[in-house]
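Colleague: Letter by letter, the chains look like this.
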Amino acid sequence: MSKRQLAMVMDLNKCIGCQTCTVSCKTQWTNRNGREYMYWNNVETKPGAGYPKGWENLGGGFDKDGNLNEGNIPSRAGGYGVPWDYNHDEVMLGATLEPNAKPDWGPNWEEDVGEGDFPNSHYFYLPRICNHCSNPACLAACNNQAIFKREEDGIVLVDLDRCQGERQCITACPYKKIYFNPKLSKSEKCIFCFPRIERGLPPACAEQCVGRIRIVGFLDDEESKVHKLVHKYKVALPLHPEAGTQPNVYYVPPLPGPPKLDAEGAPIEGSERIPLAYLESLFGPGVRDALDRLKAEMERRKRGEKSELLDILIAYKHEEMFEIADAKLATQPKIEPVMIGEPRVYGGKKR
Amino acid sequence: MIRAICLLAAVFGAAPAWAEAAPHIIEGEFAAKVPTEPETGAWTKATPLTVTLYRQRTVRLRDKDVNHKLDTELGPRTAAVKVVYSKKQLGVQVSWDDATQDQLEHAYHDAFGDAVAIEFPQKYGMGESLPYVGMGDIDHPVVVTIQRAHKDASHNRQFVAAGFGSLTAIERDTEMKMTYDAAAKRWHAVFVRPLKDHNLDLTHGLVPMGLAIWEGGVHERGGNKALAPWRFIRLGKHKLDPDYLAYVSWGEDGQPIGDPKKGETIAKTQCIACHRFADQQVAPVGIAPGLENIGGYAVARYLQESVQEPSKVILRPLNPNRHYDKSGKRDPHGAYPNAVAYTWSVPGADGKHMSKMPPFAHLPADDVNNLVAYLKTIKDPLNTKGAQ
Amino acid sequence: MSYNRRDALRSLFAIGAAGLVQGREAQAKGREPDKPVIIEDPRAFYYNTSPTENMYRSEFADTYGDPAEHGTAFHCVNCQGNCAWEVWIKDGKITRENQSATYPSIHPEIPDANPRGCNKGAQHSQNMYEHDRLKYPLKRVGARGAGKWKRISWDEAIDEVAQNLYETMRTKGPQGNYVHLGAGILSEARGASFKRLGTLLGAVRPYIASYVGDMFPGTSLVYGEGNIGCSYDFMYGTNVQVYWGCNPNTSRIPDAHYVWEGKYNGSKVIVIAPEFNSTAIHADLWVPVKAGYDGHLAMSIMHEIVHNGLFDEAKAKVFTDLPLLVREDTKALLRLSDIDQDHKGFNKALFETFEELAGDAEFHEHEVFLAWDQKSKKIVVMPGSEGAGLKTLRLQDRGWDLDPALRGTFDVTLDGGETIKVRPVFEHMVAKLDDFTPAKTRALTGVHPKMVQILARDIALPEVVSVTIGFSLGKHFNGMLTQRAIGSLVALTGRLGRAGGMNTENEWSISGIGGLSGFSGKYKQRFASGMVSEFLLGDGFKDAEQQFSDADIQKATGSDRATWRKDIDEMLQASKNDQGVGHGKSYWDTVETFVLVADSRFRRNKGRYREAFLQKAKYLCVAEVRMSETAMWADLVLPCASHYEVWDLRTNPGYHRFANIAQPPKNLAPVGEARDEWSIATDIAKRIEQLAKAQFKKSKNQGDLHIPDDTHSQTGFRELDQLTELFTDGGKLGTDQQAVEYILSHVPQFRGETLESVNKRGGHCTVNREGGKSSPLYDDRPYSTFENNFYLLQPFETLTGRLTFYVDHPLWISAGANVPVATEPLRPSKFPLVLMTPHARWSIHSTYKTSAILQRLQRGVPYVMMNPTTADKRGIRDGDEVALHNDVGRVIAMAKIMPSIPPDALFMEHGWEPFQHKNRAGHNVLNGDLLNRLEVSDGWGHLKFGVNWDGNQHAYCGNVEIGRA
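Residue numbers (my numbering), protein chains in the order written: chain Z, 22 to 372; chain F, 337 to 724; chain D, 2 to 966.
Please keep in mind that the hints were generated in silico from the structure rather than gathered at the bench.
Think of the CB as a built atom: it goes at the ideal place given N, C-alpha and C, for glycine as much as any other residue.
A few of these clues could be false.
Distance windows between CB atoms, simulated [as the list claims (entries may be wrong)]:
no., chain 1, residue 1, chain 2, residue 2, range
1, F, 690, Z, 253, 44 to 52 Å
2, Z, 341, D, 940, 51 to 59 Å
3, D, 399, Z, 285, 22 to 30 Å
4, D, 962, F, 444, 35 to 43 Å
5, Z, 341, D, 874, 50 to 58 Å
6, D, 753, Z, 316, 27 to 35 Å
7, D, 962, Z, 252, 55 to 63 Å
8, Z, 75, D, 753, 53 to 61 Å
9, Z, 75, F, 408, 22 to 30 Å
10, Z, 253, D, 309, 44 to 52 Å
11, Z, 285, D, 329, 27 to 35 Å
12, Z, 75, D, 962, 50 to 58 Å
13, F, 436, D, 46, 37 to 45 Å
14, D, 329, Z, 316, 49 to 57 Å
Chain Z with its partners taken away, still in its complex shape:
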C-alpha cells in the first residue's frame, strides 16, 4: 500500500454549487484530447440522479465479503449526456445559436432540483472527484494491472502505456469517476492535480474553490486538518462507504436546512428538511454523530467559546487549507516538451 495518503475534505455546508471547481478542472485538464465529455470534477444536486446519470445504480465496488462487484458503463446518451457544441460561427452571420445535438442530460442537468414538495423541498450540492481510494475498485478490476497508486501520496493513476482500453475499471468504480478517452482508447481520471501539487499549487478544484470548502492534506499526518476532521472530530465522512473502496475524499454532511413549514406556513421547530435517512444512505451511519458534533460546536461558538473544529472549517487563511508542502518535489523532473494534444479551445485558433 502507498506509503502516504493525500486526502481531501469537502464541507457541504459551505458548498454553494457554483461549479467553479468544475470549470477550473475543465480548463486545466478536460477541454481537449478526447476528454471533452469528461468531468473529473463535477458538482451534482442531491437528491438526484447525478452525473453520470444514476451513477449510484450502475454497480461496481466490492460486496460485503470484499469481492469485486460487476457494474455498468454509463452510456453516452443516457449517462454522460452528449457534449453538445454550438454553431458560433453561424451566429456571426445572423443565425440563431443552437446545440448540434439535442441536450438531454449533462453534468448539472438537475441543478437545484432535489426532492420534496414546495415549500418543503430540499436539496444540496455534492461535488465529486476521484476518491483516490485505498482499495480502488478500478485498480482491482483492471485485467492488465494498469492502474496504480503512487507510493508517495496514494494518488491513483492509470498507466497510459499499459491501459488497453477495456473499460473494466469503469464498470468497477462505484463512483463512476473513471472515464474512457475515446481518442486515446485509454481510461483517464482525476489525477488529484499531482503536477500542480509538485509545484506547490493545490489541486485546481481545491485552490479555486470560491466557497472555500476543500481542505487538502496527508491523512497520515495527525496534525493535519484532514486528519483532525476525519479521525479526531469524525465530522468528515466518506461517500458510500458500503462500496468498500475506502475513499480518501471525505464530506462534512449538510445540516438539515431551514425548518419546514406547516400547512399554515408557520415554521416547524426542529424539523429536518433534509431527511437524516437520506444523508445516511450517502455517507453511512456516522451522519448523526457528525451533525450532532457540528451543532454542539456551533452552540459553543455562539457562547463565545473556542472551537478548533470550527476554526478549521471556517478557514481563516485560504492558503492554510492546503497542507501539501510535503508533496512538493525537491527537484522538478525534466519534462519533455511534448503534449498529448492541444486544448480544445472552443472556436479558437489552434495553436
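Dock chains F and D against the given chain Z, drawing on the hints supplied.
Modeller: Relative to chain Z, chains F and D alone:
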C-alpha cells in the same frame, strides 16, 4: 509415432488435403514476397485452414450490461487462416465473417472495435510445454500482436505477456492491416512480421500460433474473446522436428485419446472443488481457472500437462486485487490485503511460483487420457445461436 | 466535435513512448527478448510510473507556461464581483486562469478574501477565443440584422464613425449623438474611455444603473444614497444576516463564503425569497414570500416591531425624521418658514443658539424642520437638515438638550397667525402600519404571522444585524417603495455602522478619478435618466397599452389610466431635452446617431423595443468583444479587446476593499485586430477633428468647427479643432495603460501604489483608509456604512439630514406614499403566472451566456423553471419544449421542473440572448413596463435626478401563461 510418420509422408507428398488430414496444421505458402494487402499475390495461392474459436470464459467481464450477451449471443466462430512466408518474413491472414463492422470511435466512449490477435510463444519445440493459449503463463512468455478496427492504425500494438495482467507493450515490428469487405460482410486481417528477431525465432518446421478474435458489437474486449487452441504453422523450407509434431498432434488429429465418459467421472470427483465446468458450479468463482469452453481452446497436450504437472504451466490469477481479505489487517490508509484464496500459485522455497493445484502425477495414464478426453468435450456446440 | 488528426497521431506517439523506450533498452543490451512486466499489487508498488506522470506533467507545463509571463486581470467587468486573476499563457496564447488568491488578510480571526472569482471567470480564457469573438471591424452590407457583413480596415471604420458623429453634430447639434458605454464595462479605467469621448462631444448618455434596472432609489430615499452597506467580510461578525430578494450563493459567488463562515461563527442566516433558492438551502430560516409582496411583508414586520416596542425610541429621535412635525391641514412637513417664529410656542432662543453656532452658515428656512420638544414643551428647530446651518444630529450638546416627541398632537402658530394642528411623522407612519398588520398582509404575502414575529425579533433585537436586499426587488413596478419599506424597517431599528443595517451595494469613495472622464467642468455630458430614456426609445407606452388593462393600472398605481398618463406626460414634458435639464428626469428625443460600447440593449429587448429603437437610430455603431444580439443589428461593428488583452483598473463596488489591475500577459498574441476602447476613442476624436478642420477649410463656416452648445459647454461651443488635445489631455491619455497609470497616480485612496507594486502583489492593491465614505475604512475591520453618522452624529445626505420616513411631495401625499407604504405590483392579471428572471449563476447578464463550457453545465438551451404542479396541470414534462406567452410576446424554452419553485411563478435565469431562443425572442419580450409616477417624480429635497435618484426599468411586469410548444 506411426501416425506421425504417416503425416510426414503426407507432408512431403503431393498436394495432400491438409485440412482434413491435420486440422491443427496450417501449411505455409512460400513466396518471394509476403503481400500486406489481403487476398492478393501469394495469399491467393495459400491453403486456408478453418479454425474454430471459442469464447474464453475463464475471464468474465465485469460489465453487467453485456455479460448476458456474451453468455447468450456468442458461440464459437470460425476463421480461415492462411500463412505465407518468405526468406525474411512471415505473414498470417485471418478472415472471418462478421455481420457488423464495429470500429472504435474517437467520439464514442462506449464503442468497442472488432479485433484480432495472433500470438507466438517465445520458447517452443521439444522439451518446452505449450503455454496457456490465452496469454501465456508465468514460465512461457508469448508475443501478442493485436489489431483493432479503428480509423487510427496506431491502435495496433504488440506486446509480450506471461499470463493474465501481464500484457506489456513492446516495439512494434509487425505490419498490420485490417480490411472489411462490406459486400461479403467479412474481415480480412493481415499480419506480416520478421521471421526472426530478438523476441521470436520462427525459422522452424512447426511453429505454434495462437489466435483470438473479438466481436466489438457485443463489447468483447480483453480476455473476453474467442480463442482458438494452439494451431501449428508448417514452414516447409525449415526443418521439421517429427517428435515435436507428434507431441503437439496428440489428441488434435482426430484420433481418440481416451474415454470421455470415464474422464467425466474423474472430473466430477477430483476437480469440482476448485474448478467450474459444465453443470459443476460448486467451486467459488475465481479460486481456480474456470474450465467452461476449455475443450474448445486448449489442446490436449496442454490439458494433459496441466493435470500431471500443474506447475509447468502456472496461470497468474485474473487480478489478485479483485478480492480483498476483509478479515485481514488493514494498512494505515484503510487498504485491505488481497484474499489469498484467489491466487492460483504460491512462491516456492526457491522463489519460483508453484501452482496451488496439486500434481495429479499419481493418476494412471489411462485416467489422465480419459480426463483429457472429457475436458476436450467441454465446449459450446458448434451450432450455437449466433455462431459466426 | 472536431479534432485534428495530426494531434491524435502526435498524442498516441507520446503515449507509445514508454513501449519504445523499453524496446531501445533491449537493443542496447544486445537484443535480449523483451520481458513481460508482472505487477503483484499496484496499490503497493508500481514498476514504472514516470511515463504516465511525465505526460501529465508536460501537459500541465503546457497550460502553466512560464510564470514570469503571466498576466493579471479582473474580468467580468460587468459583474460587481471584481476578482483578481492570474492569467496563464503559453506561446502567446492564453491557456487558462487561476484566481490570484493573494489578497492580504485584514485580521487573523476573520477569513481572508481568497480566492475571489467564479465559474464564469474561470473560463474566460476559453471564451475569448470562441468563434463568436469579434476580430475585425465589420460593416453591414445587407439589411439590419441580416448577418451580412464586410470586413473593413480600422481606418475605414474610424472614419465612418467619425463622419456620422460629426455630421450629426453639424446638423442636429451635440444632442443628436448618443454615446453610451454600457453595463459591459463597469471598470474605472476602461470605462472612462467613451464616457470621456461622449462628454467631450456633448453627446447624450443614459444613467447606466437606472438603464439596466440595478438602482436602489428607495434606499436613496431613506438614507440619502442608494449604494450603502458593508463589505462582505462584515457578515462574518453578524448575529443575524438577512438576504431579502437576493441569492448570494448564486449571484454573489465570491463573497458567499462569508455568509457560511459567519454561520459557523454564530450568525443566523435568514433568506426571504419566493423560491427555495440556493442560499435558502443552507439558511436557518427561509421565508417564502409571494413575488412582488416584499413591501407588504416589510410593513408587517415594522408593525410588529412598533407594536411590541422592539425599537429604540431614543435612536429614532436622533437619526430619523420620525419626530419631525407634519401639518394636519396639508400633510406637509412643518418648515421653519411656515411658522410664526416669535410665537411663544416656538423655542426661538434655541434657534438663535443654533444660528450663532452655525457661524457663517445660513439657515434656509424652507428646508429647516421642526419637532415638539418634550423638555421645553415648545416647537424646536431640528438641526442637521439640508437648510440648517448647523450640521449635526445632536439632540444634546452644550447649549441645548432636546427630547423631541414621537407621539402627540400639537398646536403651532403659522406665520400668518393661523394656528394649526401638527403631529410627528411617527404617528403618520404608525397609522399607515395599521393597514399592514401581519394578519392583513398574510393573504398577499403568503407569510404566516408567526414568521413575521420571528423576523421582527431577529431584525430588531440582536446586536449586529445586516439586511441585504437584491436588485430583484427593484425590478417590480412597486420596487422602489419596497426598497423604501425595507430601508425604513431597518432604519427604525437604528442599525448603523457596526450594528449592521441596510446593505445594498457598498461603494468606496474614490476621488481624483473624475479627470479621466471629465474636463474640469468646461464641458458637461448630456446625462439622461436611464429608465425614462429607454422607455421612450422603445415606445414603451405602446407595449404597455397592449399589456395592462385599466384594472391592472388602477391596482398598481392607485389611479386610472388617464390620470396616470397625464401625470407622467406632464413630468416628461418638463424634463425633455436641453431645456428640461434640472426639471426632473432628463432625456433627449433628439438622438439619432448611436455609438454603443459593451451595451446589450437588444438582449434586454422589452416588448417591441428593438423595432422602435432601430426606427429612431439613423446610424448605429456597436463596439463589442463578441457578436451580441445588439451587435447583430448594427451598421458598424468594432471589435474590442477583451479582459486579458487590456490594461484596466477597478475598485467599486465595495464588496471588498481591493482594487484590481488588469495587465496583459507578456508576449500575448493579438486576437484578430481587436483594440482597446481608449485607443478607439482616441482615434475617433482625432478623426472628428480632422473632418471638422477640413469642412471648415471648405466652408469657412465657424459653426463647422465650433459647434454651438449653449447648455452644456461653458464656452457655448464644442471646439472640435481642439478635440485631440483635449481628449488626450495634451498627449497624456489615449491608451488603456495610460488610463491605469493616471488613476494610480491621481487617486489618493491608492497613494503610494505603482504598476510595479501592484503587479508584485498579484494584480491588486488595497483601498486605503480614505476609501470609506460614511465610515472610516479601518485596516483590520470589515467596513460598514454610517459610522460617521452614528458616532459623530453627522447628518445624512437627506433633506432633513435624518433617515427619511416622510416625503411631502404633493404627488406622494396624494398617492398615500408620504410615509412608508406597500403597493401592489403591476402585472397583467389575465395571465396566471409571475415570470421572475433573476440574476444567473452561469453568466454575467448576457456575457458568457453562449459559452459552451458553461452551457454544458446547464441545459444547453434557454430553460424555464417551474413547479411540478404547474407543469402537471398543463401536461408539461421535464425537458419539453414549452412556450411562454402573454399579450405582448411569446418565448420558447425548455421546461425544467423543480419543487423549489413556487406554483404561482416561473423562473428563468436572465441574460439569454434572443438569438439563443428558437423564435429569437428573449424573455423580456414578455415584459412590457410602465413608468411609476413616484419614480419619475423629482425635485423634492434629496430626490433630485442624479446617480441616487433615478428609477429602474422594471423586469417583473409580465405575468404569463405557459404550455407545450
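Colleague: All hints, please: hold or fail.
Modeller: Verification of the hints:
no.	hint	in the structure
1	F:690 / Z:253: 44 to 52 Å	holds (47 Å)
2	Z:341 / D:940: 51 to 59 Å	holds (55 Å)
3	D:399 / Z:285: 22 to 30 Å	violated (56 Å)
4	D:962 / F:444: 35 to 43 Å	holds (42 Å)
5	Z:341 / D:874: 50 to 58 Å	holds (53 Å)
6	D:753 / Z:316: 27 to 35 Å	violated (47 Å)
7	D:962 / Z:252: 55 to 63 Å	holds (57 Å)
8	Z:75 / D:753: 53 to 61 Å	holds (58 Å)
9	Z:75 / F:408: 22 to 30 Å	holds (25 Å)
10	Z:253 / D:309: 44 to 52 Å	holds (45 Å)
11	Z:285 / D:329: 27 to 35 Å	violated (41 Å)
12	Z:75 / D:962: 50 to 58 Å	violated (34 Å)
13	F:436 / D:46: 37 to 45 Å	holds (42 Å)
14	D:329 / Z:316: 49 to 57 Å	holds (55 Å)
When each numbered hint is compared with the structure, violations occur for hints 3, 6, 11, 12.
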